[in-house]
Each structure stands twice: as structure tokens, then as C-alpha cells.
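Please model the entire structure based on the sequences and the hints provided.
Number of protein chains: 2
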Amino acid sequence: MGTALLTDHYELTMLEAALASGAAQRRAVFEVFARRLPGGRRYGVVAGTARVLDALEGFRFDDADLDFLRQVVDERTLAFLRDYRFSGNVYGYREGEAFFPGSPIMVVESTFAEAVLLETVILSILNHDCAIASAASRMAHAAGARPLIEMGSRRTHEIAAVAAARSAYLCGFASTSNLMAGQRYGVPTAGTAAHAFVLLHDSEEDAFRAQLDSLGRGTTLLVDTYDVAEAVRIAVELAGPDLGAVRIDSGDLAAMAEDVRQTLDGLGAKETKIIVTGDLDEFAIAALAAAPVDGYGVGTALVTGSGHPTASLVYKLVARQDATGAMRPVAKRSVGKPSKGGRKWAYRRTVGGTATAEIITGAPIESRQPEQSEDRPLLAELVRDGEIVGRESLDAARRRHRTTLTELPLIAHSLSPGDPAVPTIFK
Amino acid sequence: MGTALLTDHYELTMLEAALASGAAQRRAVFEVFARRLPGGRRYGVVAGTARVLDALEGFRFDDADLDFLRQVVDERTLAFLRDYRFSGNVYGYREGEAFFPGSPIMVVESTFAEAVLLETVILSILNHDCAIASAASRMAHAAGARPLIEMGSRRTHEIAAVAAARSAYLCGFASTSNLMAGQRYGVPTAGTAAHAFVLLHDSEEDAFRAQLDSLGRGTTLLVDTYDVAEAVRIAVELAGPDLGAVRIDSGDLAAMAEDVRQTLDGLGAKETKIIVTGDLDEFAIAALAAAPVDGYGVGTALVTGSGHPTASLVYKLVARQDATGAMRPVAKRSVGKPSKGGRKWAYRRTVGGTATAEIITGAPIESRQPEQSEDRPLLAELVRDGEIVGRESLDAARRRHRTTLTELPLIAHSLSPGDPAVPTIFK
Chain A
13 MGTALLTDHY ELTMLEAALA SGAAQRRAVF EVFARRLPGG RRYGVVAGTA RVLDALEGFR
73 FDDADLDFLR QVVDERTLAF LRDYRFSGNV YGYREGEAFF PGSPIMVVES TFAEAVLLET
133 VILSILNHDC AIASAASRMA HAAGARPLIE MGSRRTHEIA AVAAARSAYL CGFASTSNLM
193 AGQRYGVPTA GTAAHAFVLL HDSEEDAFRA QLDSLGRGTT LLVDTYDVAE AVRIAVELAG
253 PDLGAVRIDS GDLAAMAEDV RQTLDGLGAK ETKIIVTGDL DEFAIAALAA APVDGYGVGT
313 ALVTGSGHPT ASLVYKLVAR QDATGAMRPV AKRSVGKPSK GGRKWAYRRT VGGTATAEII
373 TGAPIESRQP EQSEDRPLLA ELVRDGEIVG RESLDAARRR HRTTLTELPL IAHSLSPGDP
433 AVPTIFK
Chain B
13 MGTALLTDHY ELTMLEAALA SGAAQRRAVF EVFARRLPGG RRYGVVAGTA RVLDALEGFR
73 FDDADLDFLR QVVDERTLAF LRDYRFSGNV YGYREGEAFF PGSPIMVVES TFAEAVLLET
133 VILSILNHDC AIASAASRMA HAAGARPLIE MGSRRTHEIA AVAAARSAYL CGFASTSNLM
193 AGQRYGVPTA GTAAHAFVLL HDSEEDAFRA QLDSLGRGTT LLVDTYDVAE AVRIAVELAG
253 PDLGAVRIDS GDLAAMAEDV RQTLDGLGAK ETKIIVTGDL DEFAIAALAA APVDGYGVGT
313 ALVTGSGHPT ASLVYKLVAR QDATGAMRPV AKRSVGKPSK GGRKWAYRRT VGGTATAEII
373 TGAPIESRQP EQSEDRPLLA ELVRDGEIVG RESLDAARRR HRTTLTELPL IAHSLSPGDP
433 AVPTIFK
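Residue numbers (this note's numbering), protein chains in the order written: chain A, 13 to 439; chain B, 13 to 439.
In case anyone wonders, no lab produced these hints; they're calculated from the structure. No experiment lies behind these values; they were computed from the predicted model shown. Just so you know, not all the hints are guaranteed correct.
No copy labels: a pair is met if it fits in one copy or bridges any two.
[Stated by the list, open to error] Capping the alpha-carbon separation at 25 angstroms, the derived lysine to any residue pairs in SDA-like fashion look like this:
no. : residue 1 : residue 2
1   : K352      : D218
2   : K352      : E242
3   : K352      : D264
4   : K352      : S262
5   : K282      : A241
6   : K352      : P376
7   : K352      : T289
8   : K285      : A298
9   : K352      : Y238
10  : K285      : V84
11  : K352      : T312
12  : K352      : S215
13  : K285      : Q83
14  : K285      : T312
15  : K352      : D239
Structure representation (C-alpha cells):
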């Protein structure tokens with residue numbers, strides 16, 4: 013699907029006015045950053061970069077688009093749009109990387125005309141995917157070695173669900189319920205049965221037998237449709253001690269998990285796992301750390317960013333040519349929403365392998381540091397002269413996320429609201 | 013785009029097991045409802061029904077889908093999916109209608125096999141669109157006669173943004189920034205310029221002149237890039253008293269609107285309107301009722317459902333055939349998430365034109381009421397034997413929403429948390 017109309021009306025009216033005044037062809041630099049992290053979070057996670065590159069590739073105005081836009085802009089602007097191809101450069105933080113207030117997670121350099129049109133779709137993608145990733149990362153850390161299944165598709169827009177599953181996997185979830193995320197992105201998919209399957213049959217025993225016959229003893233049986241203890245007994249009676257897992261979706265999950273573990277152990281099903289689901293978020297997951305739980309399914313809280321469904325990222329013009337052709341930093345000066353003018357570079361400073369600061373500079377710096385200190389550059393080349401050069405696999409991004417987390421100071425993993433894990437230093 | 017893979021993995025494993033056991037062909041009734049309204053809201057708004065019908069039409073498994081699903085289900089299930097066509101009936105509340113806890117806003121009747129597959133995509137669409145609509149309706153009421161512009165595309169997933177714009181328009185917003193919502197759904201689009209346009213030029217005066225030359229005096233000039241009072245003076249000097257509007261996007265909007273109104277009036281621009289934007293929600297809009305504001309732009313709060321980004325709707329099996337072929341009500345019995353078995357019908361009881369109750373019954377009722385009392389049936393036929401029969405225009409749904417609101421008791425429009433505006437009575 014073309015992405016060019018996933019754009020705010022005013023990008024096109026600005027383009028029209030700038031084409032008329034001649035300012036459209038001025039070189040310009042836009043930056044994507046967040047002024048703050050939501051809810052006192054300690055770090056954010058970059059996600060969606062690969063989807064931005066896909067959207068850029070599909071950013072073409074076809075005949076139907078141009079017909080529609082005839083009511084929005086003039087002929088000169090339509091002619092510009094007909095030939096639109098982004099010819100500039102894009103730099104960005106890689107997916108899975110952490111970010112902090114002010115981190116320039118994406119930098120777009122081109123003419124004003126070419127770059128302004130991309131604002132809406134770039135922000136839509138990054139605001140959504142970073143919000144999900146930032147929540148997912150906290151959940152994955154809270155879960156420790158226990159696997160997380162993403163199962164929130166039904167609680168968010170049907171296409172947003174696919175991107176949410178991707179972001180969750182990037183940040184350490186083991187699998188998703190979403191089949192299109194499996195097909196499109198290779199995310200492992202998982203799932204067995206819902207209450208409807210039990211209710212469909214004349215007895216719980218009939219339902220379990222049907223499921224075991226079809227999916228094998230390794231399957232996960234849902235045991236809380238009627239009486240949990242009774243269901244667990246029936247399950248082990250039918251499947252034997254090799255039953256893969258049981259799932260509990262309601263009630264006091266910690267207490268129920270204890271009871272179910274005892275019942276399973278008493279029946280000799282010591283290897284049968286316990287999966288819990290039902291309105292879990294990072295706090296509920298952390299609270300279950302001591303319970304005999306082997307895996308978590310997370311739905312609503314994941315796809316809604318656990319209270320923060322958007323990452324508050326903005327796309328700001330920070331530099332542009334003046335009448336003489338020289339580049340000038342620019343920034344809004346009014347109250348409430350200050351921003352810093354000028355193209356920026358970004359580095360993660362680590363000392364002895366632990367991050368100590370996010371360094372934002374007005375020019376690239378040479379990495380000459382005292383021993384054990386390193387300033388790792390964070391901006392990678394994604395698009396060069398209109399050509400996409402920064403693709404990487406989702407698994408590479410997933411590995412980066414793991415590495416990035418080990419580098420952050422321990423306070424990064426506090427679930428209590430507070431300051432960002434490292435300060436942002438503008439140099 | 014095909015919608016069949018916008019589906020949870022477990023719908024297919026349930027299908028496989030039910031095909032094997034023979035239960036897949038049992039007649040079944042699923043209902044979509046919310047157990048509660050989020051955040052003490054007084055009513056919810058149905059939206060997304062038309063998008064569900066579109067998704068149903070596109071719910072086909074093509075060769076690529078089937079290839080992918082080879083790793084998920086067996087050959088018998090693949091054969092079923094290859095021929096999948098929904099052949100059942102769907103009833104639903106019409107778009108724009110209010111709903112309350114327990115309202116069966118959609119009812120799907122078919123075989124278990126046909127109906128269970130639709131769970132995920134139906135819930136994704138309705139949970140998203142109803143969440144946005146329910147927030148939008150409160151905002152539109154708070155704004156009264158002043159127009160609302162939806163401009164939240166950048167703060168939500170790029171495709172979800174299109175649906176959000178549709179839901180906002182359905183509930184009384186005047187327009188959207190989202191061009192694809194204009195193209196696909198005919199929602200009026202609007203917008204003029206951002207701070208980037210002012211910053212692109214060497215002076216605010218240059219920028220305003222460029223915009224006025226191109227978009228005419230009726231345009232809206234953004235006046236808070238530098239000094240607001242100075243910008244308003246420049247704007248009127250350049251455009252004259254016929255300037256369409258100015259927009260303020262930061263600061264104390266009530267105080268700034270007062271100042272700007274005085275400045276405009278002092279310059280003779282008495283007809284120039286004032287548009288305010290910047291993190292508005294229904295509460296901020298209500299708080300600006302006494303300020304000299306002529307229109308609102310709403311972004312983040314709209315597309316995130318103003319604190320409640322999902323409508324908590326569930327899709328539950330409520331009845332199915334037993335071994336004798338008789339239909340039986342079914343319901344989960346475990347703690348925490350009770351539901352009521354049996355196919356349901358729904359009526360809005362009004363007395364003297366004002367809604368007094370949501371009546372949910374186990375069988376259709378005859379409308380023989382005492383004088384001035386009426387039980388209006390809420391379930392309309394949407395799909396009959398697999399054929400879509402319930403399409404209507406977005407404007408018809410928009411008109412219905414207006415009518416529905418006038419029928420609700422005044423307490424429905426309270427922004428304070430509390431009980432639903434009318435009780436739900438199960439008969």
C-alpha cells in the first residue's frame with residue numbers, strides 16, 4: 013500500500029506556499045526526539061526504524077492520490093508530488109537501542125520540500141513502535157528468564173497489532189499470537205485454545221480430549237473455565253504427566269499458581285508448566301516473580317504501551333539554509349516547548365562498560381577518551397542520497413537490545429518513576 | 013489487503029481440534045460486549061461496524077497465507093481455510109449508537125468454525141474504533157458549537173490514524189488532518205502550517221507573506237513561534253482585517269486567547285477567528301468554554317482514547333448446539349470474569365423521549381408499552397447468510413450519533429467519573 017497519504021493536510025499546504033515563495037528548495041535538517049520520557053520511565057527503546065524505511069520506499073503519489081489532492085493544493089504542487097522521490101539522507105539510532113530525553117533518534121537532511129512531507133508518517137511509526145517497545149522492554153526485564161507471549165492483537169487497531177507484535181519481539185518477547193506478524197516479520201507465533209473451545213464441548217473432559225488428540229500432549233490446556241483444581245486433575249488424567257502446560261486466565265494468579273503447582277506435583281506432573289494470562293503488566297509480572305509461574309501472556313498492557321500509548325516524539329526543523337545559502341540553526345522561542353536548534357550528533361558514553369551519559373553535540377567528536385571510557389556513536393546511516401542503506405534483520409535488532417540493556421546502569425530497571433537512567437548532556 | 017491473518021494463532025488451533033472432534037460444525041452464537049465502561053464514563057459509542065464488514069469481505073486465505081499456515085495447522089484445517097467463506101448472520105448496534113455495560117453490540121451466528129475465526133479482527137476493529145469514538149463524543153459535547161479538528165495522526169500507528177479520524181468525524185468532529193481519511197472515507201480535511209514553516213523563512217513576516225500569497229487571506233496563521241502579540245500585529249498588517257484565523261499552540265491558552273482577541277479587535281480584525289491546539293482533551297476543552305476561542309485542534313488525547321485507548325470489548329461464546337442438536341446457553345463460571353449465557357436482544361427504553369434503561373432480553377420482545385414509553389430495538393441486521401446487507405453511509409452514522417445523544421439523560425454529559433447514564437437491565 014502506498015504511504016504518501018498517511019500525511020497531514022498541512023504538510024501539503026506548507027509545501028505549496030514554500031514552492032511559491034521559493035523557500036521549498038532550501039536545505040533543511042529535521043530531527044526526531046522526545047522532550048521527556050513518559051511516566052518517570054528510566055529509558056525509552058527505539059523501534060520502528062525498519063518500518064520507516066519501508067514507508068519511505070512506498071512514499072509515492074499515484075494517480076488516484078493526485079486526483080484526490082486536486083482539492084487540497086495547486087497544479088505546481090501536484091506536479092512536484094507526481095515526481096516526488098526522497099533524495100536526501102537519513103540517520104538514526106538503530107532499533108533496540110535505548111534513548112533518553114533529547115536523543116535525536118532520527119535525523120532527516122534534504123530540501124525542506126522533500127523532508128517536510130515525511131513528518132507525519134515518520135512520527136506515526138516511531139511514536140507507536142517506540143511506545144510499545146519501551147513498555148515491552150520493562151516487561152521482559154521483569155519476567156527474567158521466563159518467556160513472554162504477546163497476545164494483545166484484539167485490544168488494538170488490527171494493523172497496529174502487527175507492529176506491536178514486532179516491537180514486543182524486538183524487546184525480548186518470545187512469541188506472539190498474531191499470525192500476520194509471523195508471516196510478515198518472522199516472529200514466532202503461539203497459542204492453543206480459549207474458553208470458547210471448552211464451552212463448545214458438552215464437558216471439559218470432551219474439550220481437553222479433543223485438544224490433546226489434535227495438538228498432542230505438549231499442548232497448553234486452559235483450566236479456569238469451571239473449577240480449576242478439577243480441571244487440572246482431568247487434564248493430567250487425560251494427558252498423563254507429560255502434559256505440556258496449563259493456563260490460568262483469572263483470579264488471584266499468584267495463589268492459583270501455588271495451588272495448581274501443588275496439584276500438578278501431587279499428580280506426578282512435575283514438568284508440566286504453568287502459564288498465566290489476564291491483564292498483566294510489568295508490575296504484575298514483577299509481583300509474580302516468586303510464584304511458580306513458567307511463562308506469561310501479555311495483552312492489553314503491551315499494545316497500549318502500559319499507560320503510555322504514544323512516545324511523545326516530535327519532528328522539528330533544527331537547521332536550514334538562509335538567503336545566502338548558509339545553514340543556520342533554528343528553534344521555536346515561545347513558552348512551554350523549547351527546543352535546541354542545530355544539527356546534532358549523539359554518543360553513549362560508557363565507563364568500564366556502563367553507560368554514564370547521553371552526549372549530544374553540535375559536531376561529530378573524535379573518540380579520544382581516558383582509559384575505560386568510550387563515546388559510542390549512536391547515529392547510523394539509514395538513507396544516503398535517497399537510497400536505503402541501513403536495513404538489518406529483526407534478529408540483529410533484538411540482539412542489540414539485549415546488549416544495550418546490559419550496558420545501562422542498574423537503576424534503568426527500576427519500575428518506580430524517577431529520572432532517566434543517564435543524564436543527557438548537550439555539548 | 014487480505015484480513016485473514018489479522019488473527020490469533022489459537023483461533024486456528026481451536027479450529028483444527030474442533031474439526032478433528034466434529035464440534036466445529038456445531039451452530040454457535042458469539043457476542044461482543046463490554047463488562048464495564050472505562051474510567052467511570054457515562055456511555056460508550058459504537059464505531060467500526062462498517063470496517064468490520066469490510067474486514068469480513070476481505071477475510072480470505074490466499075496461497076501465501078496457506079503456505080505460511082502449513083507450520084500452524086494440519087491439512088484438513090488448511091483445506092477448510094482454503095474454502096473459507098463466512099455463511100452466517102451478523103447483527104449489531106448501528107454506528108454512532110450509545111452502548112452500556114453488557115450491551116451486545118455485535119452478535120455473530122454461524123458454525124463454531126466459521127465464527128471463531130473472526131474473533132480477533134472483529135475485536136481489534138471495535139476495541140479501537142469504539143475507544144476513539146467514546147472519547148471523541150465527549151470532546152465534541154464539551155466543544156459545543158465550536159468546530160473540532162482531529163490532528164492526532166502523528167501520535168498513533170499510521171493506519172490506526174485513518175480509523176481514528178473516521179471515528180472522530182462520526183462523533184461530531186468537523187474535520188481531520190489525515191489525508192487518507194479524506195480519500196478513503198470522505199472526511200473533510202484541514203490544515204495550514206506548522207512552526208517549521210515559520211522557521212524556514214528568514215523572518216516571521218516572510219513566512220506569513222508566503223502563506224497568505226499562496227493560501228489567501230482566509231488562511232490560519234500560526235502566531236506562537238516567537239512573540240505572539242507581535243506575530244498577531246504582523247499578521248493583520250499583512251492580511252488586513254479579513255484574515256481568516258490565527259492559531260495558538262502553546263502557553264496558557266485561555267489567557268493567550270483573551271490577549272489575542274483584544275489585539276485582533278484593536279486592529280479591527282473582529283471577524284478573525286482564534287484556533288487553539290496543544291494537548292487538549294475533553295477537560296481542557298470544557299475549561300476553555302468561556303475563553304474567546306473559535307475552534308479546537310485535538311491530537312494525542314483523541315487518538316489515544318483520552319486515557320482509555322481500548323474499549324475492553326470481549327467476544328464470547330454464549331450459545332451452541334449440544335450433541336442432540338439443541339441450542340444451549342453457555343458461560344464461563346470461574347471467578348472474576350462472569351458472563352451471561354444465551355443469545356440476547358437489546359432495546360433502548362425511552363420515556364417521553366429520554367432514555368431510561370438498556371434492556372437486554374433472552375428473546376425478542378413485542379413493543380407494547382404504556383404511553384410515552386418505547387423500547388427501541390438496537391440490533392440491526394448486518395450480514396444475512398454471509399451476504400452483507402447492513403452498509404450505510406458515514407454521514408448517516410454521524411446523524412444517528414447526534415440523535416442518540418439528544419435522547420440520553422443530561423447526566424450522560426457529565427465529565428466526572430460515575431455510573432453509566434442509564435442502567436442495564438437483564439430480563
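Within a copy, between copies, both or neither: which one fits K285 and Q83 at a CA-CA cutoff of 25 angstroms? Answer is between; shortest inter-copy Cα gap is 23 angstroms, intra-copy 60 angstroms.
Is it within, between, both or neither when you check K352 against D218 at 25 angstroms Cα-Cα?
between (66 angstroms within a copy, 22 angstroms between copies)
* For the identical chains here, do K352 and E242 meet the 25 angstroms Cα criterion within one copy, between copies, both, or neither? -> between (63 angstroms within a copy, 22 angstroms between copies)
Between K352 and Y238, at a C-alpha cutoff of 25 angstroms, which is it: within one copy, between copies, both, or neither? For K352 and Y238, the Cα distance is within 25 angstroms only across copies (14 angstroms; inside one copy 59 angstroms).
If the cut is 25 angstroms between Cα atoms, do K285 and T312 qualify within a copy, between copies, both or neither?
Intra 23 angstroms, inter 41 angstroms, cutoff 25 angstroms: intra-copy only.
Report task. Please work out whether the CA atoms of K285 and V84 approach to 25 angstroms or closer within one copy, between two copies, in both situations, or in neither? Result -> between (59 angstroms within a copy, 21 angstroms between copies)
**Asked** Can you tell me if K352 and D264 fall within 25 angstroms by alpha carbon in one copy, between copies, both or neither?
**Response** between (49 angstroms within a copy, 22 angstroms between copies)
_25 angstroms Cα threshold - placement of D239 relative to K352_ = Answer is between; shortest inter-copy Cα gap is 17 angstroms, intra-copy 60 angstroms.
Alpha-carbon proximity context of K352 and T289, limit 25 angstroms: between (44 angstroms within a copy, 22 angstroms between copies)
### Query
Checking K285 and A298: alpha-carbon separation at most 25 angstroms within a copy, between copies, both or neither?
The answer is within: 18 angstroms in one copy meets 25 angstroms, while 52 angstroms across copies does not.
Requested in this report: Since the copies are identical, ignore which copy is meant and state whether K352 and P376 lie within 25 angstroms (CA to CA) inside a copy, between copies, both or neither.
Outcome: Intra 17 angstroms, inter 64 angstroms, cutoff 25 angstroms: intra-copy only.
Item to check | Identical-chain pair category, K352 with T312, by Cα at 25 angstroms | outcome: between (36 angstroms within a copy, 23 angstroms between copies)
In summary, this structure violates none of the numbered hints.
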